[in-house]
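Engineer: Residue numbers (the numbering used here), protein chains in the order written: chain A, 774 to 843; chain B, -3 to 472; chain C, 15 to 218.
FYI, nobody ran anything at the bench for these hints, they're computed from the structure.
These numbers come from a predicted model, not from an experiment.
Misleading hints may appear alongside valid ones.
Said to hold, decoys possible - Straight line, CA to CA, 20 Å or less: simulated PhoX-like cross-link-like pairs of lysine-lysine: (1) C/K150 x B/K431; (2) C/K139 x C/K150; (3) C/K150 x B/K424; (4) C/K139 x C/K198.
To be verified - Quick list of the computed label-pair ranges, beta carbon to beta carbon: (5) B/W65 x C/A176: 54 to 62 Å; (6) C/E184 x B/R143: 35 to 43 Å; (7) B/A158 x C/R57: 46 to 54 Å; (8) B/V297 x C/R57: 52 to 60 Å.
All C-beta atoms, glycine included, are put in the ideal place defined by N, C-alpha and C.
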Amino acid sequence: MVPAELMVRATLLFSVIAFGGAAALVLAWAVQNGQFDNFTRAAEGIFDADEPIGQPTDRTLSAAAGERDA
Amino acid sequence: MREMKPNAVPTAEEMRRASLERVAIDASCRRAVLTWYASAVFWLLVGSTFALLASFKMHIPDWLTESGWLTFGRVRPAHLNTVAFGWGSMAGIASAIWMMARLGRVELKYGGLLVVAAMIWNIGIAVGAGGILLGHSTSIEWLEMPRPAPIILAVSLLIVSACIFVNFTRRRERHVYVSQWYILGAMFWMPMLYITAQWLCVELPARGVVQSAVNWWFAHNVLGLWVTPMGLATAYYLIPKVIGRPVYSYYLSIIGFWSLALFYSWAGMHHLVGGPMPAWMISASIVGSMMMLVPVGAVAVNHHFTMQGHFHELKHSPTLRFVVFGAMSYTVVSVQGAFESLRQFSEVAHFTHYTIAHAHLGMYGFFTMVMFGSGYYMIPRMTGREWASNWLIRLHFWSCALGIIMYFVTLTYGGWLQGLMLINPDVKFIEIVVKLTPYLHGRSMAGCLMTFGHVVFGLSLVLNLSGVGKRFGGGR
Amino acid sequence: MILFLGFVLTFGSSWAGLVYAPRLQLGGLDSVGEAGTAQAYPRVRTEQEERGKRVYEANGCLYCHSQQIRSTTFGNNADIARGWGRRRSVPRDYVNDQPILLGTMRTGPDLANVGQRWSADWQHKHLYNPRMMVPKSIMPSLRFLYEIRPMVDGKPSPEAIALTGAWAAEIPEGSEVIPTEDAKALVAYLLSLDQSADLPEARE
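Input sequences plus hints: build the corresponding full structure.
Structural biologist: In structure tokens:
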């Protein structure tokens, strides 16, 4: 076998281990860390007191009509 | 006072603090995000020009043939590389930087370094596209940029990834939102993919057909593990954020992420269907492609039910228009892609413009539209200016939306006809060429429409960046 | 439930990894030529042909032309029925190709065996302006690979391309069209494209 072919295989093997291994590790971390424990809280995490649920945040096209919340 | 959610009434002080925090986070991203996004739009305009040149050359074959650097075979890869790596990647990175800061609830650090990375990236694209035009293309699809462009891009990519990971570890919000999952995935996969593929296709090339396998594994994964995650991350953040309603099922969104991570990397081989490859490689890829229906279904159901009852917001929000258009295209293009990988389907569609239409529905109908939406949301929050003209926004939306629909319909139909004729040996080849001409004209027209939209958007952006427009958000 | 899912997916990704590696390794095994014979197939290209391949790459021919013949069982056997090749392409046909130019588009015809179909003269005329040979062709003219220059001593050079019709009229009196080294190399490469050698694994 050509040495170059060996290198090719080594690269592939390395990338496969890195991809698969990383996915496994990250998933294990996420489960342990409680990332998947409370989906309601998770989904609502992107809102805050100033931009709460129920508050649209982009009314650009209606701004002229004065509908925009200032 | 605005309407409050009844079960959690924040005090005025809480609101003020939340608002200040958000404004401060947006401000911390200002330079980095504007540099990445404005550069992206610049490359979009350059790439659209190449696209039009290539498209017109298909029906005016003697146009601009005096010198080599504008020949079709150079302009076409120049188009692909400037829009995929210039526009798409840079806009995606801009959105990623901003969303990671917002979702981590922490001000961006190393913004200066990210600006430098953007400059390096720009140099990389300029060198790469210039190299292609000068006749140094590697002729490996999606990896055409000659040295040293890939090295420059890889350096910049590593800086960006590192910055995003470091900023992620500094986050104040411990929980990782689905958009962050997607972005972290993309930031991890892309440098790996890019460097591996560059290594195996160009630097230390695998021989023969293995190279094709690596090539298409890479090219398809650029879509699946780089472009798609960034587009979906943006949709998962902006749709709920704009309409003010949490995502319908967070559970589904997580399933969607992990199944995408698992199946997508398998999908690329169908580009080689029928080719001189071991059949089982292609079969594995077909299985992978069909399995993609799982994450796609998850995303489609989720976005639809999140939007349900809020479609009227489309009237008000340019962001939502673009992002929802993108999300819908994602569903269509992914379902189409899954079936396209089937052998019976490929016998007709492979080697034709049908595939080109499919690729544009993904890269444009889905990703580009989502990125436009993200720009419309981010930019005013960075510059402190509203968009100067709603009329320009509408013009942009409609010309791009109609443009891509026209593009897709024309080439899908034309491509299918082409495919049917190609597998009918009684049809002379030149008859296929002739039969296809009207569809090529149609494509050029659609391309003009889309490019016009880009110019309008570019104008909007320049106006905004030069301070034209009302102050954003009143004076909080 | 979530934990279970986690396990399934973790297992799934490692499985993907384990299968992914051999699949590419299997491809790697195809890297031997038909050793032991004087006329090994595929033969190593000459320097000029290799240069021509680079011209082919630089000018993006692969965006419209594939170089692969598909099996008789694929797509109504159209590839072979069109006369693009006598047998399907197999991995061995490409072991000397770096980069490999299989292509993914057929705006123009397949070129896997184009060396059997046309002469050098036809190729030059066609590259200079495809419509001279195929009136309805939409292939771009590659005339930047040709040089228009005054004849030496008023006599046409043996290398000159014999243009016909309107294209001949465009050339000033006393001038001729000469292929550059790149054009000659490209034609040499095109003429070298030939997968007619009988390979056992290609029989079906």
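Engineer: Work down the list of hints and note, for each, if the structure agrees.
Structural biologist: These are the hints, each one checked on the structure:
| no. | hint | in the structure |
| --- | --- | --- |
| 1 | C/K150 x B/K431 | 11 Å, holds |
| 2 | C/K139 x C/K150 | 15 Å, holds |
| 3 | C/K150 x B/K424 | 12 Å, holds |
| 4 | C/K139 x C/K198 | 12 Å, holds |
| 5 | B/W65 x C/A176: 54 to 62 Å | 28 Å, violated |
| 6 | C/E184 x B/R143: 35 to 43 Å | 39 Å, holds |
| 7 | B/A158 x C/R57: 46 to 54 Å | 48 Å, holds |
| 8 | B/V297 x C/R57: 52 to 60 Å | 56 Å, holds |
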